[in-house]
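2 protein chains.
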Amino acid sequence: MSSINEYIENNKQRFLDELFDLLRFPSVSADSKYKGDVLKAADYLAEKLREAGADQVEVCPTAGNPIVYGEKTVDASLPTVLVYGHYDVQPPEPLELWHTPPFEPTIRDGKIFARGACDDKGQVYMHVKAFEVMQKNGGIPCNIKFMIEGEEEVGSKNLEIFVRENTERLQADVVLISDTAMISLEHPSLETGLRGLSYVEVEVTGPNRDLHSGVYGGAVANPATILAKMIASMHDENNRITIPGFYDDVQELSEEERKALNNAPFSEEEYKDDLGIKELWGEKGYTTIERTGIRPTLEVNGIWGGYIGEGAKTVLPSKAYAKISMRLVPNQKSDKITELFTKHFESIAPAYVQVKVTPHHGGEPAVTPTDSIAYKAAALAIKESFGKDPIPCRGGGSIPIVSLFEDVLGLKTVLMGFGLDSDNLHSPNEKYDIANYFKGIETIPLFYKFYAQLSKKE
Amino acid sequence: MSSINEYIENNKQRFLDELFDLLRFPSVSADSKYKGDVLKAADYLAEKLREAGADQVEVCPTAGNPIVYGEKTVDASLPTVLVYGHYDVQPPEPLELWHTPPFEPTIRDGKIFARGACDDKGQVYMHVKAFEVMQKNGGIPCNIKFMIEGEEEVGSKNLEIFVRENTERLQADVVLISDTAMISLEHPSLETGLRGLSYVEVEVTGPNRDLHSGVYGGAVANPATILAKMIASMHDENNRITIPGFYDDVQELSEEERKALNNAPFSEEEYKDDLGIKELWGEKGYTTIERTGIRPTLEVNGIWGGYIGEGAKTVLPSKAYAKISMRLVPNQKSDKITELFTKHFESIAPAYVQVKVTPHHGGEPAVTPTDSIAYKAAALAIKESFGKDPIPCRGGGSIPIVSLFEDVLGLKTVLMGFGLDSDNLHSPNEKYDIANYFKGIETIPLFYKFYAQLSKKE
Chain W
1 MSSINEYIEN
11 NKQRFLDELF
21 DLLRFPSVSA
31 DSKYKGDVLK
41 AADYLAEKLR
51 EAGADQVEVC
61 PTAGNPIVYG
71 EKTVDASLPT
81 VLVYGHYDVQ
91 PPEPLELWHT
101 PPFEPTIRDG
111 KIFARGACDD
121 KGQVYMHVKA
131 FEVMQKNGGI
141 PCNIKFMIEG
151 EEEVGSKNLE
161 IFVRENTERL
171 QADVVLISDT
181 AMISLEHPSL
191 ETGLRGLSYV
201 EVEVTGPNRD
211 LHSGVYGGAV
221 ANPATILAKM
231 IASMHDENNR
241 ITIPGFYDDV
251 QELSEEERKA
261 LNNAPFSEEE
271 YKDDLGIKEL
281 WGEKGYTTIE
291 RTGIRPTLEV
301 NGIWGGYIGE
311 GAKTVLPSKA
321 YAKISMRLVP
331 NQKSDKITEL
341 FTKHFESIAP
351 AYVQVKVTPH
361 HGGEPAVTPT
371 DSIAYKAAAL
381 AIKESFGKDP
391 IPCRGGGSIP
401 IVSLFEDVLG
411 LKTVLMGFGL
421 DSDNLHSPNE
431 KYDIANYFKG
441 IETIPLFYKF
451 YAQLSKKE
Chain U
1 MSSINEYIEN
11 NKQRFLDELF
21 DLLRFPSVSA
31 DSKYKGDVLK
41 AADYLAEKLR
51 EAGADQVEVC
61 PTAGNPIVYG
71 EKTVDASLPT
81 VLVYGHYDVQ
91 PPEPLELWHT
101 PPFEPTIRDG
111 KIFARGACDD
121 KGQVYMHVKA
131 FEVMQKNGGI
141 PCNIKFMIEG
151 EEEVGSKNLE
161 IFVRENTERL
171 QADVVLISDT
181 AMISLEHPSL
191 ETGLRGLSYV
201 EVEVTGPNRD
211 LHSGVYGGAV
221 ANPATILAKM
231 IASMHDENNR
241 ITIPGFYDDV
251 QELSEEERKA
261 LNNAPFSEEE
271 YKDDLGIKEL
281 WGEKGYTTIE
291 RTGIRPTLEV
301 NGIWGGYIGE
311 GAKTVLPSKA
321 YAKISMRLVP
331 NQKSDKITEL
341 FTKHFESIAP
351 AYVQVKVTPH
361 HGGEPAVTPT
371 DSIAYKAAAL
381 AIKESFGKDP
391 IPCRGGGSIP
401 IVSLFEDVLG
411 LKTVLMGFGL
421 DSDNLHSPNE
431 KYDIANYFKG
441 IETIPLFYKF
451 YAQLSKKE
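Just so you know, the protein sequences line up as chains W and U, in that order. Under the numbering used here, read the first sequence as residues 1 to 458, first letter to last. Under the numbering used here, read the second sequence as residues 1 to 458, first letter to last.
Calculated from the structure, these hints are not laboratory results. Honestly, I wouldn't trust all of these hints.
Pairs count within a copy or across copies, as identical chains cannot be separated in the list.
[Claimed, not checked] With a straight-line cut-off of 16 Å between C-alpha atoms, the simulated EDC-like cross-links for lysine to aspartate or glutamate are:
#1 K333 - D248
#2 K449 - E237
#3 K33 - D407
#4 K383 - E256
#5 K33 - E310
#6 K35 - E310
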């Protein structure tokens, strides 16, 4: 057993306890009522970075939630890794579906259940502990910079400003992010691409007030019905999105690339069983792996209007709303898609109603190189700790900031995630396997080892 | 000035104050958290009936909310009027749209703003005060029975049991209800029909848990989108309801009857201006008066699913819901329509999802006779107090119990309502004009006078 593995073994309980403390802060960025908890989570993370040995640790204020920064410069001749992650989490709702409270981390069957357990506090904290492990066992073989933000779940708007204003401080050779999933511990994988995002909220207004559905029903257009019709029209019979121009910029993969993607282990039956569904759905002509990896989507994330309380109320509502997001693939642009959506939504609104489209946030799709030494270092690290070569695959999620790192800092990213698709990200009962947490802490120092070695050779 | 009118004039402030006390109880029947307030409203009403001179006043328990009963038997040879009304109210939501709190009645521009001001506490209380007025001015010229229930807004299920169990006690010659509207004080009208109701809640389930819309989006059917498609399909391009068999039993009116209905004063421009809409909607081939009076409808009263809080959450929801109600016309039957809806909804659900339909409550449509002496008495009363003959018209709302009175008690109903369609029933800022309140108190004793006179002649 290496000294690193021995150190991890001897500190397991503490590494869990500290993560639990971090998970207890309800640092929900979407809802302003959690602002105080967001700040506490940032302070906690800064303190732990300091304790682990980072220098110049700072909770950097922004117009929104602060960014936790810290670094360790070992030697200017060594390569520098910029570790990015986020300490904010998705809202926990619907609360009634959680088996244990979202902000009281609980272990069941070897899994940590809590909002943020995997996305992304659990994965961020692996990096903090891996850093401690290296510091206590001979020192880190690269320079390191941490940049942990608090607004990833709401679009990273202030991080963008921070990055643009701190290009000097953030100079590095590569960005390392653990905010994605692998197929399984048996099938370790590395994500090589992420989808972009365009997120909008729509409001459909009919009459100027809620009406009695008996007195007015049948004679006044119901905005809930109209919204339903508008949403219904946004996918055609092949489940393709009907917004004119939506697919214009979509990068089509070659047959060879598609074949390679579909080589990843995937069982349609297991997938359906896990989700409790009888049939899969999606764009005609593509596999599930393609639908979630290389094809754009349009999803209703929320819909509401009229009376939604207990019992019955016979109301013809004045307004109906939906939150709608589109996942984008290379080379779609978030702003352009938001504009196309808005134009289309306005154009299909019948004269009975008025519509308003409000953009929430967006992000660009990204593809990460598989021929870089950083990617190779990640692959070697995984091979050493898992005993298997990682499978390269495309992720369906979005980390809007990845394309920004490339544009502003000129940095490529390595996506070395240790989560699982089944971790219930953004859902009730989010979890992170304890095994994956410690596998991450074990693998990260190997990445630094190989990255330093490969950099030296170059 | 008659002694009755003088008495009303001298007691105006008290008549208002007492109504305000009644309006202050948030007696919402749809939401069990208001149970205590419902009981207080019932007790208050019973006390006021007793004070006004009613005998055998009782707050009759039921499996749900109690029924307030009271009576005055003057002489067995006189006709007996059964006054029906309800003291429960619709939920006040959405609260943020009220200009003043729903349960703090406030006068603005000669109107009482409060939940229940018109529907139906204001109209019920006219009867209590009219009874007091008669008692204090020579006595009521008929026998009277009051039956004021607390579950009209949720389907009157327990009233039905009460009526079936109390056929003896409820013996009468006619039912008198003030729970409808007139066109205006300038155009007094009497409703001669009510629509029935079938109210259901639907649940559409996709995956067994909320999913990350990036990881799963595009590959798993979104129940919000599927629900939207299902709702969208329920009206065809002529805005006719697509449920097979839905129109089979609909009573078609003759050209003559339709012409008579459309003779009621109605301005499409004023109607649109009042509602702030540019275009009317509805079943092709019918006027607005017909669409809200003699044609059945299907309305979404509420829709919800996914994340509906502040900000953005990228979730693919597990479930989506809607509350849907259908207004029925003679000779449609509520149970049959609920069954047709359920079958149809299940049949159009794609294999990606599971659906559940839960019936909330229903009620039968009703037509009231215009050739009865009770209707004639109401018409004469209105002519005397308004100086104009009332216009007979069909109401779009539902009072499910009207058809029950006919079936179980063998009683016809007179719908002598003093509300206005613009009273924001079931909506924020419900109101009742003070003028209409007092016009009601003035007109009701005239109804008893003419009803007694016409009964004697017969």
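If the cut is 16 Å between Cα atoms, do K449 and E237 qualify within a copy, between copies, both or neither? Answer is neither: 52 Å inside a copy and 67 Å across each miss the 16 Å cutoff.
Given identical chains, is K333 near D248, meaning Cα to Cα at most 16 Å, within a copy, between copies, both, or neither? Within. Shortest intra-copy distance 11 Å satisfies the 16 Å Cα cut-off; inter-copy 52 Å does not.
For K35 vs E310, is the C-alpha pair at or below 16 Å within one copy, between two copies, both, or neither? between (31 Å within a copy, 13 Å between copies)
How do K33 and D407 come out at 16 Å by Cα distance, when the copy is not named: within, between, both, or neither? Cα proximity of K33 and D407: none, with 34 Å in one copy and 55 Å across.
Cα distance capped at 16 Å. Does K33 pair with E310 within a copy, between copies, both, or neither? Result: close only across copies, 10 Å inter versus 25 Å intra.
I want to check one pair: K383 and E256. Are their C-alpha atoms no more than 16 Å apart within a copy, between two copies, both, or neither? neither (25 Å within a copy, 86 Å between copies)
Checked against the numbered hints above, the structure breaks hints 2, 3, 4 and satisfies the rest.
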